[in-house]
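K.L.:
Each chain, written out:
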Amino acid sequence: MIRLENLTVSYRRHPAVHHVSGSFADGQATAIFGPNGAGKSTLLKTIMGALKPDSGRVEMRGVARRDLAYLPQQSEIDRSLPVSVIDLVSSGHWQRSGLFGKVGRNDDDASWNALVTVGLEDFATRPISALSSGQFQRVLFARILVQDAPLILLDEPFNAVDAATTADLLRLVERWKTEGRTVIAVLHDEQQVREHFPQTLLMAREVIAWGDTAEVLTADKLRRASDTAAHWSANAPVCRVDGVTP
Amino acid sequence: MIDFLYQWVLAPFVEFAFMRRALVACLALALGSAPVGLFLVMRRMSLVGDAMSHAVLPGAAVGFLIAGLSLPAMSLGGFVAGVLVAGFAGLATRFTEIKEDASFAAFYLLSLAIGVLLVSGSGSNVDLMHLLFGSVLAVDDAALLLVASVASVTLLTLAVIYRPLLLESLDPVFLRAVGGHGSVWHLLFLLLVVLNLVSGFQALGTLMSVGLMMLPAICSRLWAATVGGMMLAAFLIAALAGMGGLLLSYHVELPSGPCIILLAGLFYIVSLFVAPQGGVLPRLLRQRHLES
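Sequences listed follow chains A and B, in order.
Under the working numbering, the first residue of the first sequence carries the number 13, and numbering increases by one thereafter.
Under the working numbering, the first residue of the second sequence carries the number 59, and numbering increases by one thereafter.
Take these hints with a grain of salt, some might be off.
To be verified - Residues on chain A that point at chain B, a partial pick, calculated with CB under 8 Å: (1) 77; (2) 78; (3) 82; (4) 84; (5) 90; (6) 93; (7) 95; (8) 103; (9) 135; (10) 182; (11) 250; (12) 254.
What the hints assert, rightly or not - Covered by chain A, per the in silico footprint, the following chain B stretches (three or more residues, Cβ under 8 Å): (13) 131–142; (14) 274–286.
Since the hints were derived computationally from the structure, they do not count as laboratory data.
Idealized CB from N, CA, C, for every residue including glycine.
I would like the entire structure built from these sequences, with the hints used as guidance.
P.N.:
Printed below as a string of structure tokens:
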């Protein structure tokens, strides 16, 4: 469904994602793992279309960009706005309702069921400003449930979330796996990756390893990832991997 | 009592056509400006309204220089200048790392400098005062038509783009991810801002029309807890300030524009203390907390 073809994305000429090629396994859960500054979030943002690659491309087959659900690392949601929890969850209907489309009773039921699933039905009419960060993350997961997307991108979804909430939200990931959705998540907890994500992309700007989690998360590959990420130079020469001479 | 009320509140409007026109102009302005101001506040662009009110000045000045004190020429000039500044600021934000408020600051200052140069080059100070402060008591048919049309266009447009505009204010990343074309709604909205400022400046002047846009909108947050409620509150406050300001200016013989804005400002200060949604007094009353 998603194939990366020699993908490079850079900030002010310094690559954050460097000549990455490969495909994400269809209908499976893949973790993107690696040290800080490895380009994991950059890769997700490029897949969802917010960043433009310097070179190479993201090929998406059988799924349009608008059919994906994306959970950013730090949501830019302005929580001071007077919006209720159920309204925020209902915004997940946008892909189907659009500008004028009616949000009908079935859609309302879907929003309500999603809130029940994440255990926040008692909060439906409260303003979003009244939620804790863990509760808010549950609301955002509820919206993903409403979006009903075949492709789900999660950027560090369990940051600042306690163990009980993480366990509940991971159950949702398990449910998405059985429903055959493709889930791609940036994670920092090795244990979580081993238990819930059969596939792993280990990266440090470039691909260190990509495949079955058990084969990817080995001691020497993890060490290679942190060594590669630490290597950074302010006056690096122009990259010639593609055979381009400056 | 009734006689007293009639004398002070109704008589000026019943007896004088120019007061009736001014009142209709103020109500129409309130209808269009209040919801636009509310979206500015919700998008954390409260000062952008101020910037835009300065930005329209050179356009109005060019219109004035070409056609004299002609409303269509000055309005068209102001509209063009406002759209140019909004457009350039939008482009600069999109293609560089400059933040939106900084872009607006840069372009409106440029525009303002040009405006002051134009006005000082060939007009007297009286003309400048008129541009800046307007004269609501001299609203003619053309101005009334302009204000009413802008209010209609504003309400209709807002009704159409309400859903994506609110979603874009709330969660821009989400709207972009689902292919919602966030910048289209943003640009349409900026057009509405410029339109409403231009429609206000015959009546209130470029500086004061932004007051009727922002003060009621900021105030409404203290009175209502939903977006719809805030829109209604903002309109009511703007309408009351308009009517009260006209009466004040009539009875005390003060310029009407500043009177209107002053009343809106007073209402804001009183609201800070007594309003139910986060005012100081309700907080001091310390209602006991609930069980859960």
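K.L.:
State for each hint whether it applies.
P.N.:
Cross-check of the supplied hints:
{"no.": "1", "hint": "77", "result": "holds, 6 Å"}
{"no.": "2", "hint": "78", "result": "holds, 4 Å"}
{"no.": "3", "hint": "82", "result": "holds, 4 Å"}
{"no.": "4", "hint": "84", "result": "holds, 5 Å"}
{"no.": "5", "hint": "90", "result": "holds, 6 Å"}
{"no.": "6", "hint": "93", "result": "holds, 5 Å"}
{"no.": "7", "hint": "95", "result": "holds, 6 Å"}
{"no.": "8", "hint": "103", "result": "holds, 6 Å"}
{"no.": "9", "hint": "135", "result": "violated, 12 Å"}
{"no.": "10", "hint": "182", "result": "violated, 22 Å"}
{"no.": "11", "hint": "250", "result": "violated, 23 Å"}
{"no.": "12", "hint": "254", "result": "violated, 26 Å"}
{"no.": "13", "hint": "131–142", "result": "violated (count 0)"}
{"no.": "14", "hint": "274–286", "result": "holds (count 5)"}
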